[in-house]
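Engineer: Quick mapping for you: the protein sequence lines, in order, are chains A and B. The numbering used here applies: residue 477 is where the first sequence begins, and numbers increase by one. The numbering used here applies: residue 434 is where the second sequence begins, and numbers increase by one.
Be aware that one or more of the hints could be misleading.
Claimed, not checked - Simulated restraints, written as ranges between beta carbons of each label pair:
no.: 1; chain 1: B; residue 1: 556; chain 2: A; residue 2: 523; range: 39 to 49 Å
no.: 2; chain 1: A; residue 1: 527; chain 2: B; residue 2: 536; range: 24 to 34 Å
no.: 3; chain 1: A; residue 1: 738; chain 2: B; residue 2: 534; range: 35 to 45 Å
no.: 4; chain 1: A; residue 1: 508; chain 2: B; residue 2: 536; range: 45 to 55 Å
no.: 5; chain 1: B; residue 1: 523; chain 2: A; residue 2: 738; range: 48 to 58 Å
no.: 6; chain 1: B; residue 1: 483; chain 2: A; residue 2: 639; range: 56 to 66 Å
no.: 7; chain 1: A; residue 1: 676; chain 2: B; residue 2: 436; range: 42 to 52 Å
no.: 8; chain 1: B; residue 1: 436; chain 2: A; residue 2: 741; range: 53 to 63 Å
no.: 9; chain 1: B; residue 1: 436; chain 2: A; residue 2: 485; range: 40 to 50 Å
Hints listed in this document are in silico derivations from the structure and should not be mistaken for laboratory results. Don't be surprised by glycine CBs; every beta carbon is placed ideally from N, CA and C.
Here is what each chain is made of, one letter per residue.
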Amino acid sequence: MEPTATSAPTLPRSIEEIRGEFPILAREVHGQPLAYLDNGATAQKPLAVIETLDRYWREQNANVHRGVHTLSEEATELYEDARQTVASHLGADRREVVFVRNATEALNLVAYSWGHTNLTAGDRIVITEMEHHSNVVPWYQVAQEKEAQLDWAPIDAEGRLDLEALAKLLELGPKLVCVTHVSNVLGTINPIEEIARMAHDAGALLVVDGAQAGPKLELDMAALGADFYAVTAHKMYGPTGIGALFGRRELLEAMPPFIGGGSMIRKVSKDLITWADLPAKFEGGTPAIGEAIGFGAAVRWIDELGLPAIHAAEAELTAYALERVAEVPGLTIFGPPAGDDRGGIVSFAMVGVHSHDVSEILDRHGVAVRAGHHCAQVLMERLGVPATTRASFAVYNTRDEVDRLVEALLDARRVFEL
Amino acid sequence: MDELYRDQILEHYKRPHHFGRLDEFDLDFEDSNPFCGDEQHVFLKLDREGKVSEVAFEGQGCAISTAATSLLSDELEGMTREEILALPKDFVLELLGIDISATRMKCAMLGLKVVKGASLGKAADWEDEGEQGDPAEAASL
Numbered sequence: 477m478e479p480t481a482t483s484a485p486t487l488p489r490s491i492e493e494i495r496g497e498f499p500i501l502a503r504e505v506h507g508q509p510l511a512y513l514d515n516g517a518t519a520q521k522p523l524a525v526i527e528t529l530d531r532y533w534r535e536q537n538a539n540v541h542r543g544v545h546t547l548s549e550e551a552t553e554l555y556e557d558a559r560q561t562v563a564s565h566l567g568a569d570r571r572e573v574v575f576v577r578n579a580t581e582a583l584n585l586v587a588y589s590w591g592h593t594n595l596t597a598g599d600r601i602v603i604t605e606m607e608h609h610s611n612v613v614p615w616y617q618v619a620q621e622k623e624a625q626l627d628w629a630p631i632d633a634e635g636r637l638d639l640e641a642l643a644k645l646l647e648l649g650p651k652l653v654c655v656t657h658v659s660n661v662l663g664t665i666n667p668i669e670e671i672a673r674m675a676h677d678a679g680a681l682l683v684v685d686g687a688q689a690g691p692k693l694e695l696d697m698a699a700l701g702a703d704f705y706a707v708t709a710h711k712m713y714g715p716t717g718i719g720a721l722f723g724r725r726e727l728l729e730a731m732p733p734f735i736g737g738g739s740m741i742r743k744v745s746k747d748l749i750t751w752a753d754l755p756a757k758f759e760g761g762t763p764a765i766g767e768a769i770g771f772g773a774a775v776r777w778i779d780e781l782g783l784p785a786i787h788a789a790e791a792e793l794t795a796y797a798l799e800r801v802a803e804v805p806g807l808t809i810f811g812p813p814a815g816d817d818r819g820g821i822v823s824f825a826m827v828g829v830h831s832h833d834v835s836e837i838l839d840r841h842g843v844a845v846r847a848g849h850h851c852a853q854v855l856m857e858r859l860g861v862p863a864t865t866r867a868s869f870a871v872y873n874t875r876d877e878v879d880r881l882v883e884a885l886l887d888a889r890r891v892f893e894l
Numbered sequence: 434m435d436e437l438y439r440d441q442i443l444e445h446y447k448r449p450h451h452f453g454r455l456d457e458f459d460l461d462f463e464d465s466n467p468f469c470g471d472e473q474h475v476f477l478k479l480d481r482e483g484k485v486s487e488v489a490f491e492g493q494g495c496a497i498s499t500a501a502t503s504l505l506s507d508e509l510e511g512m513t514r515e516e517i518l519a520l521p522k523d524f525v526l527e528l529l530g531i532d533i534s535a536t537r538m539k540c541a542m543l544g545l546k547v548v549k550g551a552s553l554g555k556a557a558d559w560e561d562e563g564e565q566g567d568p569a570e571a572a573s574l
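Throw the hints in and build the complete structure from the sequences for me.
Structural biologist: Structure follows, in structure tokens:
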């Protein structure tokens with residue numbers, strides 16, 4: 477039988493099997509089975525990652541790119557294999573993948589290295605109202621120092637980027653456009669290909685914060701057209717303390733180092749220092765070796781499940797969650813309706829109950845969500861709320877967990893006598 | 434769970450005492466809790482002897498921060514700035530009468546911090562708003 481055009485890609489294993497690969501999902505919180513719906517903050521780790529880390533620390537640990545001994549050679553090979561895995565996943569050359577601590581550091585690297593070299597007084601940088609602080613603060617800092625101007629691209633009433641307003645800002649001739657791929661509050665998936673075309677037509681480079689997109693979307697740098705793209709491992713089922721910056725090779729070649737020290741030099745003499753080749757130029761000091769290898773394991777695990785299938789499963793669950801959560805009286809739900817441009821993030825505010833109190837009551841039901849401003853205070857101001865409660869999904873979440881979220885929200889209303 | 438959200442706390446959250454602004458005041462201070470974005474602005478009017486004669490606060494926050502400041506506002510009349518600055522953390526915790534977890538301690542202490550800020554004329558930061566830390570030692574005039 478021929479597959480129909482509408483059939484969604486399916487996961488190679490059952491959800492029960494996948495859940496079984498995450499030991500933490502078996503634990504209880506306040507006597508209730510854990511329903512972990514805070515994946516936008518960090519995802520849980522599968523055995524494939526935990527066992528890779530364990531093996532590295534037990535059997536393979538050594539410094540990289542230094543010793544001429546067996547362990548160092550093994551560690552170097554594993555570290556560079558991990559880079560190749562991440563590079564292949566991003567459709568990039570390995571020289572275009574710089575290991576960093578997290579997406580924040582990746583964006584700071586661009587702001588400091590590219591920004592300090594290329595920005596001058598009066599230059600403009602476009603950022604959007606839906607950015608996480610990690611894609612705001614570095615640009616604010618470099619703009620202050622260089623007397624450059626930040627222009628804020630607005631969002632529309634449903635929480636999508638207003639592309640017409642963006643086009644107007646591009647007419648002002650910015651050097652850089654900085655945008656998130658998936659909003660960590662609204663779940664909006666921004667049309668990066670289109671934004672890249674618009675930015676490039678206006679003569680600007682495009683920096684993309686892919687922290688939330690990493691675990692959700694297939695990322696092909698050439699197809700997306702991003703000049704810089706930041707991901708973080710811990711939201712992609714990998715360890716904390718490791719992430720990657722993709723940068724187009726000719727851009728990275730022309731940029732000065734970000735952090736000076738060991739590993740990033742070619743030759744040091746008393747009056748002349750020359751830099752190492754890419755990507756070592758940007759990796760001063762001993763890197764997070766075990767974590768990078770764990771990142772590689774996480775990416776292999778994701779690729780084995782297949783991002784189209786992961787995305788389809790999350791989209792299905794998100795549509796169900798949006799429908800169910802709307803049944804709770806007194807909730808304002810933010811972000812676009814279920815559809816192709818909506819990722820697995822559902823933020824809401826309960827009239828009369830602060831998000832911290834909502835989160836505290838949900839926790840007593842074993843339901844873990846995020847409460848607060850989500851490091852997106854400009855967006856909170858735009859939405860007119862001090863904080864929201866956010867449920868964010870991963871491939872292992874189930875309809876049963878969404879049902880428990882809804883039950884717990886109804887209980888919050890009972891506790892607050894609403 | 435309803436220990437945390439018992440009637441007294443909910444009552445003060447829904448109908449906080451001294452909520453609003455003072456048209457005339459001698460001291461005021463505004464601060465926020467960066468952890469959750471809660472904001473409070475407190476106004477104090479002093480009598481001739483330098484004792485609090487009127488108090489008001491406004492802002493937005495969770496049940497814990499709002500109830501804590503509401504409860505605290507009931508106690509401030511008649512206090513001098515020095516007495517306010519000497520108030521320990523336990524003063525507010527005893528008013529709340531519930532166990533406050535480390536993560537919610539900043540919520541519970543926001544009002545005390547703002548009231549001390551008003552008394553001092555600048556932010557009254559203390560080392561640790563978690564388990565340890567003694568706001569009574571944070572600042573003096």
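Engineer: Confirm or reject each hint.
Structural biologist: Hints, one by one, checked against the model:
1. 556/B - 523/A: 39 to 49 Å: holds, 48 Å
2. 527/A - 536/B: 24 to 34 Å: Cβ of residue 527/A to Cβ of residue 536/B: about 32 Å, so the range 24 to 34 Å holds.
3. 738/A - 534/B: 35 to 45 Å: Holds, since residue 738/A and residue 534/B (Cβ atoms, about 43 Å apart) stay within the stated range.
4. 508/A - 536/B: 45 to 55 Å: violated, 19 Å
5. 523/B - 738/A: 48 to 58 Å: For residue 523/B and residue 738/A the Cβ distance comes to about 50 Å; the hint holds.
6. 483/B - 639/A: 56 to 66 Å: holds, 60 Å
7. 676/A - 436/B: 42 to 52 Å: violated, 58 Å
8. 436/B - 741/A: 53 to 63 Å: For residue 741/A against residue 436/B, whose Cβ atoms are near 60 Å apart, the range 53 to 63 Å holds.
9. 436/B - 485/A: 40 to 50 Å: The hint (40 to 50 Å, Cβ to Cβ) holds, given that residue 436/B and residue 485/A are roughly 48 Å apart.
The structure fails to meet hints 4, 7 from the earlier list, while all remaining hints are met.
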